[in-house]
Amino acid sequence: GESVGLHLPTLSVQEGDNSIINCAYSNSASDYFIWYKQESGKGPQFIIDIRSNMDKRQGQRVTVLLNKTVKHLSLQIAATQPGDSAVYFCAEMSGYALNFGKGTSLLVTP
Amino acid sequence: SAVISQKPSRDICQRGTSLTIQCQVDSQVTMMFWYRQQPGQSLTLIATANQGSEATYESGFVIDKFPISRPNLTFSTLTVSNMSPEDSSIYLCSVRSGAQGTQYFGPGTRLLVL
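Protein chains in written order, with this note's numbering: chain R, 1 to 110; chain L, 1001 to 1114.
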């Protein structure tokens, strides 16, 4: 897993714009990746996942891109809405354990 | 997806006491986990709760401090023992379910130790 700090990176976007949240992972053996959204006072909510045999997967307004060469994962949110404001975590699985990244705070401004 | 509930949702406790957190799932699941999320930080796995056997703890977590029960495939408890202010965190129950083995989380228990 990654080390964590006291302050989350913050991404501020205007309503209607597209958001891109990035995540780097370190374990080249990881074969499954998940993005979670965590709103204030709630538990993490599953958004989308991708396996290592894919490089792109689309959901409703969200796309996950996986670049195994540079061990990079991104979450793209189209037409960002105020309800998308939350902390977003990437998580990678190798073996049985799911390891979380630091998280990015997304703030959507009107 | 699995629906997970936790009790209590929050608590304020005195140092030296213990708190038991309950996790209930709406379906039978093989894999159940407990995570800790310290204020403003990411999630850290405490242990895997195994049905019918002792929990498997991650590095830095021990059974004496965080005893876990898993009496059946829908229920687990995590006890935070002999609490100190450093134990103030969100404690999250998580399960893996479905054909894809997607991992879902409960709403969390917010613990403040004074």
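No lab work stands behind these hints, which were simulated from the structure alone.
Being a predicted model, the structure only gives us computed values, none of them experimental.
Glycine included, every Cβ here is placed at the ideal spot set by N, Cα and C.
A portion of the hints provided could be inaccurate.
Stretch-level coverage of chain L by chain R, calculated; a stretch enters the list once three of its residues show a Cβ under 8 Å from a Cβ in chain R [as the list claims (entries may be wrong)]:
hint, region
1, 1016-1027
2, 1062-1068
Negatives, chain L to chain R, calculated, CB over 10 Å [to be verified]:
hint, residue
3, S1001
4, I1004
5, K1007
6, D1011
7, S1053
8, E1058
9, P1071
10, T1074
11, F1075
12, S1081
13, P1085
14, L1092
15, S1094
16, Q1100
17, G1101
18, V1113
Some chain L residues flagged as far from chain R (calculated, every beta-carbon gap over 10 Å) [said to hold, decoys possible]:
hint, residue
19, Q1051
20, T1077
21, N1082
22, E1086
23, L1114
Hints and how they fare:
Counting residues of the region 1016-1027 of chain L whose beta carbon lies closer than 8 Å to any beta carbon of chain R gives 0, which falls below the threshold of three, so the coverage claim is violated. Counting residues of the region 1062-1068 of chain L whose CB falls under 8 Å from any CB of chain R gives 0; the rule of at least 3 is not met. Distance check for L:S1001 against chain R: the nearest CB is about 7 Å away, which does not clear 10 Å, and the non-interface claim fails. Not every Cβ of chain R is farther than 10 Å from the Cβ of L:I1004; the closest lies at roughly 8 Å, contradicting the non-interface assignment.
At the 10 Å boundary, the C-beta of L:K1007 stays outside the reach of chain R, the nearest C-beta of that chain being 14 Å off. Listed as outside the interface, L:D1011 is consistent with that label: its C-beta sits roughly 15 Å from the nearest C-beta of chain R, beyond the 10 Å cut-off. No beta-carbon of chain R comes within 10 Å of the beta-carbon of L:S1053; the shortest separation is about 15 Å. Annotated as non-interface, L:E1058 brings its C-beta within 10 Å of a C-beta of chain R; the closest such distance is 8 Å.
For L:P1071, the non-interface assignment is confirmed: its Cβ lies about 21 Å from the closest Cβ of chain R, beyond the 10 Å cut-off. Remark: the non-interface label on L:T1074 is consistent with the geometry, its nearest Cβ contact in chain R lying 18 Å away (cut-off 10 Å). With a cut of 10 Å on Cβ distances, L:F1075 stays outside the contact zone with chain R, its closest approach being about 17 Å. No Cβ of chain R approaches the Cβ of L:S1081 within 10 Å, the least distance being about 23 Å, so the stated non-interface status holds.
For L:P1085, the non-interface assignment is confirmed: its Cβ lies about 16 Å from the closest Cβ of chain R, beyond the 10 Å cut-off. At the 10 Å boundary, the C-beta of L:L1092 falls inside the reach of chain R, the nearest C-beta of that chain being 6 Å off. A cut-off of 10 Å between C-beta atoms contradicts the statement that L:S1094 is not in contact with chain R; the least separation is 8 Å. Not every Cβ of chain R is farther than 10 Å from the Cβ of L:Q1100; the closest lies at roughly 7 Å, contradicting the non-interface assignment.
The Cβ of L:G1101 does not lie farther than 10 Å from every Cβ of chain R; its closest approach is about 8 Å, which violates its non-interface assignment. With a closest Cβ-Cβ approach of about 19 Å to chain R, L:V1113 is found to remain outside the 10 Å limit, as its non-interface label requires. Against chain R, the non-interface label of L:Q1051 holds: every CB pair exceeds 10 Å, the least being about 15 Å. The beta carbon of L:T1077 sits about 17 Å from the closest Cβ of chain R, which is more than 10 Å, so the claim that it is off the interface holds.
No Cβ of chain R comes within 10 Å of the Cβ of L:N1082; the nearest lies about 25 Å off, and the non-interface call holds. The Cβ of L:E1086 sits about 15 Å from the closest Cβ of chain R, beyond the 10 Å cut-off, so the non-interface label holds. Residue-level check passed: L:L1114 sits 20 Å from the nearest beta carbon of chain R, beyond 10 Å.
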